[in-house]
Amino acid sequence: MAAQVAAASRSGLRSALPLLAPAYLWLTVAIFLPLSAMVFFSLMTELPLSGKPWAFTLENYTAFFSQSLYLTLLLASLRLGLEVTLWCIIVGYPAAYVLAKVLKGRSREAIFLLVILPFWSNGLVRIFSWAMVLREGGILDTALNAVLPFKINIDLMYSYPAVIIGLVHSYVPYMVLTCYLTLQAIDDSLIEAGRSLGASRLQMLKRVIIPLSMPGLVAGAALIFVPVVGSFMEPRILGGRTGTFYGTVIEDQFVAVFNWPLGAALSFILLAVVLVILAVASPVLRRAM
Amino acid sequence: MAGVQVSNVSRSFGAHKALDDVSIDFADGGFYALLGPSGSGKTTLLRQIAGFDFPDSGRIAIGGESVERVPVEKRRIGMVFQNYALFPNMSVADNVAFGLSVRGEPKAVIAAEVQGALDLVQLGKLGGRRPHQLSGGQRQRVALARAIITKPRVLLLDEPLGALDKALRVGMQIELKRIQREIGITTIFVTHDQEEALTMSDRVGILRDGKLVQEGPPEEIYNRPKSEFAATFLGDANIFRGESTGNGIRLPDGTAIFAGSGANLAPGAKAICAVRPERIRIFTDAAAPDTANANVLRGEVSKRIFAGNSSTYFVERGGQMLKVIVQNTGVDKLAEGQEVVLRWSPESTVLMAAS
Ligand SMILES: Nc1ncnc2c1ncn2[C@@H]1O[C@H](COP(=O)(O)OP(=O)(O)OP(=O)(O)O)[C@@H](O)[C@H]1O
Ligand SMILES: [Mg+2]
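Protein sequences, first through last, are from chains A and B.
If you're matching positions, the first sequence starts at 1 in my numbering and goes up one per residue.
If you're matching positions, the second sequence starts at 1 in my numbering and goes up one per residue.
These are calculated hints, taken from the structure and not from any lab test.
There could be a bad hint or two in this list.
Estimated spans, in silico, between C-beta atoms of each pair [to be verified]: (1) A:R287 - B:K107: 48 to 58 angstroms; (2) B:P37 - A:L181: 27 to 37 angstroms; (3) A:S129 - B:P37: 53 to 63 angstroms; (4) A:I116 - B:K107: 41 to 51 angstroms; (5) A:A37 - B:K107: 17 to 27 angstroms.
Glycine is no exception: its CB is placed at the ideal position from the N, C-alpha and C atoms.
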């Protein structure tokens with residue numbers, strides 16, 4: 001019996017191979033090769049490109065612990081990731097709910113398009129347009145002063161909130177999409193059944209809708225948290241001097257200081273930390289689902 | 001417990017009238033079946049009573065209290081859905097407990113009530129399971145237990161047995177009826193299975209295109225249908241078309257058919273007579289026992305379908321195929337092509353206006 005099952009799954013695998021091959025080939029070329037090159041770099045004293053002599057070393061990794069700056073920045077980046085993820089949930093989940101359960105037909109398509117739009121616009125353009133909005137004398141400042149009777153000064157540019165705003169705007173579509181998919185799958189009759197049993201909307205949300213859309217929330221959070229922790233473009237452009245994060249330091253190693261080995265080592269430390277966080281969180285999350 | 005009064009309720013979706021001036025009085029503690037073809041408005045009517053949707057016009061009262069604008073969570077109704085609609089993230093016991101726990105009842109009370117409700121639907125031991133670990137019939141019972149635990153005033157069921165196979169369905173019909181009697185709750189049951197409607201309910205309402213076609217006890221509707229639609233939708237009927245003679249009709253070939261009951265129609269008006277296939281008796285020759293006051297037609301057996309305890313004969317007569325159902329007594333085996341005489345009493349014949 002067991003042998004039969006094993007044989008069946010083996011033959012299933014064999015027939016699936018032609019279908020899987022392109023994906024694996026692509027993964028090998030696009031991820032595995034550059035990644036192993038990076039592992040290699042992170043263990044070198046010097047880039048081999050310039051013809052300088054080089055040797056294997058662990059110094060790039062120990063550098064992380066020799067200066068408290070790296071740890072401070074890593075913690076700041078983790079906090080940034082957490083905050084952006086939370087804001088994405090706060091903004092994205094209700095939007096996903098409205099899209100999945102309130103709107104129908106044409107209006108749903110239209111709003112959906114608006115949500116997806118940031119995906120289709122160039123990242124830099126998106127960030128610079130936020131700069132236009134947030135700076136002193138910018139769109140937000142002018143608009144608020146035109147409406148409000150008293151004079152206020154809005155200059156969010158080069159601040160932590162500006163970084164958050166920019167990142168939330170870039171990443172919220174992930175949350176909307178993943179939550180939309182799970183919310184969409186919740187049968188309307190479940191909500192009706194709950195209401196017929198006397199549950200208020202808040203009770204339905206807490207006991208049925210949020211638990212059932214947990215997989216979407218978790219997937220969205222993972223999709224957002226990981227890249228935000230390593231992000232550098234938004235912090236650099238919108239954060240200015242306050243925008244120094246772990247990601248920007250890594251970027252510096254690659255584009256400014258040309259210390260690729262240190263940059264690679266720092267990214268692997270980040271990867272390890274993120275993996276540990278996900279591993280610790282996963283049993284909790286699995287229970288929540 | 002409470003009765004439900006639906007008075008002149010209409011509901012349109014765009015230009016489509018899903019409910020058109022429907023009035024029904026659902027008696028306190030009664031078992032009422034809503035029957036009708038697909039799209040006739042059964043679910044729409046149930047949703048108005050539940051409060052998921054609101055009528056454009058008309059009144060709905062539960063227990064004498066007007067509820068047209070009361071939302072569903074305040075109406076104190078229990079609803080069972082065709083797809084069960086159990087919460088997949090909760091155990092069976094938590095599903096059943098839901099209505100009490102959202103009210104903030106103490107845990108001990110809830111536990112006792114849940115056990116009682118699960119025992120009532122004979123699922124006492126399955127409280128710890130998840131809905132996906134249950135069979136269709138078991139899920140339906142959980143849905144029922146969940147709906148009645150809050151002691152609702154009215155139980156609404158939208159084709160609750162539609163997804164079950166025939167054997168399970170019959171079992172659940174008996175079960176449902178037992179539970180309904182036990183707690184004496186006013187029950188409104190949507191189905192499009194006419195047999196289910198006949199056997200389970202003490203009143204039946206037939207809907208068609210959003211209108212209430214006929215309403216009453218199942219026997220009355222079966223024996224005295226008021227329209228061709230009611231006659232053919234609830235059970236089988238042979239329909240004769242002709243001109244009214246006042247106490248029956250005259251077929252185009254001049255044959256008279258006498259009706260013992262039905263509408264009062266002026267002679268000459270277009271009319272129909274309906275007779276149930278099991279009311280017609282079939283004989284091999286005219287020498288069969290004759291009573292002066294009987295409808296008699298001659299025909300030829302064109303087909304016989306054997307169905308175990310009965311046989312159905314299709315008899316051709318003047319271009320019309322008549323259906324006759326005969327109990328299987330073991331002797332009356334008629335051959336196809338045989339000349340036969342059909343005879344039935346006027347009391348079994350209903351006269352109605354042609355539609
Ligand atoms: N929300 C809605 N929007 C538009 N039309 C609707 C809506 N709900 C119902 N209808 C229409 O109203 C009519 C009655 O629908 P209803 O669901 O009450 O039928 P039903 O008798 O329950 O049929 P079935 O036996 O197939 O369940 C149908 O023509 C349907 O298309
Ligand atoms: Mg329906």
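Q: Could you check the hint for me, namely that R287 of chain A and K107 of chain B are 48 to 58 angstroms apart, CB to CB?
A: violated (21 angstroms)
(Q) Looking only at beta-carbon atoms, does the pair I116 of chain A, K107 of chain B fall within the given range of 41 to 51 angstroms? (A) holds (46 angstroms)
Q.
Is 17 to 27 angstroms respected by the C-beta to C-beta distance linking A37 of chain A and K107 of chain B?
A. violated (60 angstroms)
Q: Indicate whether the distance between the beta carbons of S129 of chain A and P37 of chain B respects the range 53 to 63 angstroms.
A: Check passed, 57 angstroms falls within 53 to 63 angstroms.
Q) Between P37 of chain B and L181 of chain A, is the Cβ distance one that fits in 27 to 37 angstroms? A) Hint holds: Cβ distance 36 angstroms, inside 27 to 37 angstroms.
Of the numbered hints stated above, those contradicted by the structure are hints 1, 5, listed in ascending order.
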